[in-house]
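Asks: These protein sequence lines are chains P and W, in that order. This note's numbering applies: residue 1216 is where the first sequence begins, and numbers increase by one. This note's numbering applies: residue 643 is where the second sequence begins, and numbers increase by one.
Hint data in this document are derived by calculation from the structure and do not stem from the laboratory. Watch out, some of these pointers could steer you wrong.
Cβ-Cβ distance ranges computed for the label pairs, FRET-style [said to hold, decoys possible]:
| # | chain 1 | residue 1 | chain 2 | residue 2 | range |
| --- | --- | --- | --- | --- | --- |
| 1 | W | Lys706 | P | Thr1403 | 50 to 58 Å |
| 2 | P | Gln1507 | W | Val749 | 35 to 43 Å |
| 3 | P | Ala1275 | W | Asp853 | 51 to 59 Å |
| 4 | W | Ala753 | P | Ile1395 | 22 to 30 Å |
| 5 | P | Ile1395 | W | Glu697 | 45 to 53 Å |
| 6 | W | Ala773 | P | Gly1354 | 48 to 56 Å |
| 7 | P | Lys1339 | W | Glu789 | 44 to 52 Å |
| 8 | W | Ser711 | P | Glu1396 | 23 to 31 Å |
| 9 | P | Pro1475 | W | Arg683 | 32 to 40 Å |
| 10 | W | Glu697 | P | Gln1507 | 42 to 50 Å |
| 11 | W | Ala868 | P | Ser1473 | 34 to 42 Å |
| 12 | W | Glu697 | P | Lys1569 | 22 to 30 Å |
| 13 | P | Lys1379 | W | Leu754 | 44 to 52 Å |
| 14 | P | Gly1615 | W | Ala753 | 53 to 61 Å |
In silico negatives: residues of chain W with every beta carbon more than 12 Å from chain P [unchecked claim]:
| # | residue |
| --- | --- |
| 15 | Ala673 |
| 16 | Lys706 |
| 17 | Leu710 |
| 18 | Thr712 |
| 19 | Ser757 |
| 20 | Phe782 |
| 21 | Thr783 |
| 22 | Ser786 |
| 23 | Ala837 |
| 24 | Thr869 |
Positions of the beta carbon are idealized from the N, C-alpha and C atoms, including for glycine.
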Amino acid sequence: MRYSFRFAALLTSVSVWMGLAPLEASADETCNSPYISNLIKGQEDFVHVWTLGEPGLGDASDKLVTLDANPKSKTYGKVVSTVSVGGRGEAHHMGFTDDRKFLWAGGLDDSKIYVFDVGTDPSKPKLVQTIADLPAKSGFVGPHTFYALPGRMLIGNLSNAADKGGVTGLALYNNKGTLIEKYAMPTTAIGGVKGDGYGYDIAVNPAKNVFVTSSFAGHKNYMRELGDLMKDGEAMKNFGSTMVVWNLKSMQPTQVLSVPGAPLEIRWSLAPGQNWAITAAALTSKLWLVKQDAKGTWVAKEVGAIGDPAKIPLPVDISITADGKGLWVNTFMDGMTRYFDISNPEAPKETYSKHTGSQVNMISQSWDGKRLYITSSLLAHWDKKGTDNEQKLRAFNWDGHALTPAFEVDFTKEKLGRPHHMKFTAKGGQSLALAALRK
Amino acid sequence: MRCSLPAIGVVTVALLAAGSAYGAADVGPGAAPRMEFTPLRAGTYRLQSIQRVGEATLLDERGKPVKLSTLTRGKITLLTFFYTYCVDPLGCPFVHETLTNLRDRIVSDKALAQSVRFVAISCDPTNDTPAVLSQYATSFTTRSPFEWRFLTAPAVPALLPVLDDFGQDVSVETDEHGRPTRTLHHMLKVFLIDAGGTVREIYTLAYIQPDVMMNDIRTLHIERSATTSVVRR
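Build out the structure end to end from the sequences listed, making use of the hints.
Replies: Now the structure itself:
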């Protein structure tokens, strides 16, 4: 158990007090929940990359790769640590615990959840726990989103163990790794819209006592070769077309919203007093706004296109600025990174775009908006083939007008795998062991 | 939550100049919690069973050893970690002000008054000795018969497993040279524990919404009353 591990580490640092280990760590991109521990708004020191193993490349295992992201460091732009998990299970997303000391990272294929300690020494994360009971205890597979609640981790899943289709649910674990509850995604009509039972992202707004979920596809679709899948008309019908509004206290769905085309990442505006969220529908390449109407009913409204929807650019990730006025969007197929002015979220306007790779997927920005990180891999079976299958993390600087390259790491050349989700941490702080010194 | 260390720690802190090479990151200020909804009525929802509270032996305000289980069972308990010298307006003072207001609402409800207690555990046993706690507790306990207990540990090693069990982080900020400063960080958490010793809700800063907390307490009280009623039958 990782808590035993952490306790042991703390106790050790007390007993050998001259060897105090740094404990506090975290810098945050804007996609993290701002409602748990205070965000760190300075320079991130490390970018942790949850990386899919690639057969025949290095150890072929999924791994957490840590890059030095501080320009003042001697190892800036270099890989400083890798932690392999000893298998390949379609590494995909991860999320911090409420105190930002641990990263929970999931495998979409094997449904395992790996817990990494990134608080003790963020330059050298350690795998401290593996949770393998999700399918057996919840019936769900494909753990995707890891969203911290106080003392708990709410996990948005993509599929189910019975038929590997898209009907799924949420699993709530405590921070010790024990399943507390599970919640099925609605399949009946709520508020006049029928639920499809599909799941994907989670985003919480404590001020409104709500959270919103989105919907993607089941294991049968996301583990299939994309070319084959797109030729299968029946299978292509099996994508999510809803978002669900939940009561956070009761954990009950209160509304189903119709959002066709697989709505993926959800971002609440981080501006104080704002209570709207935005998402991008992957298959239709549209931006959708979720907000309350005059009566307090939540509504989803299409507010703009991303690129040319007819060309299926496939928006795969978004990143909102801290002031809620800008939105970065990555589209996988055309390798474009676009910036939208969303000062008026009802009418987003694209104001900048740049081709940032032959295939681009996740996008994360620093809290101050000056640095942007982009990875290349979507899913092992959906990535492009041949020379377009570049597997890189590219870092950029943003001056408000243009992206300029900062550094890049070639994950194939480094024999690491396919880079997907990113999280930031920063050095700083020491353990409570210091208190012992003040005797 | 950020809290400045008391002067007593300065000399020792200075001795740590040879510590790690880690610098402090820029921690943004916390934001006061907002509540823009009507909370669910008490008893119309069920609180999750998050985790059992482990056992530990701590010290009370008089320096007497006390088993934590005696203060986390038998009543509905709100438990928090704090420092007596914390001055963060959105830290310990904010929580204690919130708890004071909740206490006043609880004692005005005859059904709840004898069924709820508060427990505050110091994160800094080096400074917050039983004598310091006793003095600190006066302003919260003298005007009310309500059970509000303040605990500390004989030393940091005795406190660490308690922090670990609750998932309560505490760390010390470092300066640009990696030296510990006089600022402590700990994440603000208030734990709602049922009479059986199970954590049923955790409130971090964004969730410190007194009306919700009050309804959660009432929900546990209703749940307990129903259980007791069934047992009596």
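Asks: If a hint holds in the structure, say so; if it doesn't, say that too.
Replies: Verification of the hints:
1. W:Lys706 - P:Thr1403: 50 to 58 Å: holds (57 Å)
2. P:Gln1507 - W:Val749: 35 to 43 Å: This hint holds: roughly 37 Å between Cβ atoms.
3. P:Ala1275 - W:Asp853: 51 to 59 Å: holds (54 Å)
4. W:Ala753 - P:Ile1395: 22 to 30 Å: For Ile1395 (chain P) against Ala753 (chain W), whose Cβ atoms are near 28 Å apart, the range 22 to 30 Å holds.
5. P:Ile1395 - W:Glu697: 45 to 53 Å: Roughly 21 Å apart at Cβ, these two residues miss the hinted range, so it is violated.
6. W:Ala773 - P:Gly1354: 48 to 56 Å: At 55 Å between Cβs, range holds.
7. P:Lys1339 - W:Glu789: 44 to 52 Å: With a Cβ separation near 45 Å, Lys1339 (chain P) and Glu789 (chain W) satisfy 44 to 52 Å, so the hint holds.
8. W:Ser711 - P:Glu1396: 23 to 31 Å: 25 Å Cβ-Cβ, so the 23 to 31 Å window holds.
9. P:Pro1475 - W:Arg683: 32 to 40 Å: holds (36 Å)
10. W:Glu697 - P:Gln1507: 42 to 50 Å: Taking Cβ atoms as reference, Glu697 (chain W) and Gln1507 (chain P) lie about 46 Å apart, which means the hint holds.
11. W:Ala868 - P:Ser1473: 34 to 42 Å: Holds, at about 39 Å.
12. W:Glu697 - P:Lys1569: 22 to 30 Å: violated (58 Å)
13. P:Lys1379 - W:Leu754: 44 to 52 Å: holds (49 Å)
14. P:Gly1615 - W:Ala753: 53 to 61 Å: With a Cβ separation near 59 Å, Gly1615 (chain P) and Ala753 (chain W) satisfy 53 to 61 Å, so the hint holds.
15. Ala673: Given a closest Cβ separation of 7 Å, the condition is violated.
16. Lys706: The claim holds: Lys706 (chain W) sits with its nearest Cβ about 21 Å from chain P, beyond 12 Å.
17. Leu710: Consistent with the label, Leu710 (chain W) stays out of reach of chain P, its closest Cβ about 16 Å off (over 12 Å).
18. Thr712: holds (23 Å)
19. Ser757: holds (21 Å)
20. Phe782: holds (23 Å)
21. Thr783: holds (26 Å)
22. Ser786: holds (28 Å)
23. Ala837: Holds, since 19 Å exceeds 12 Å.
24. Thr869: holds (19 Å)
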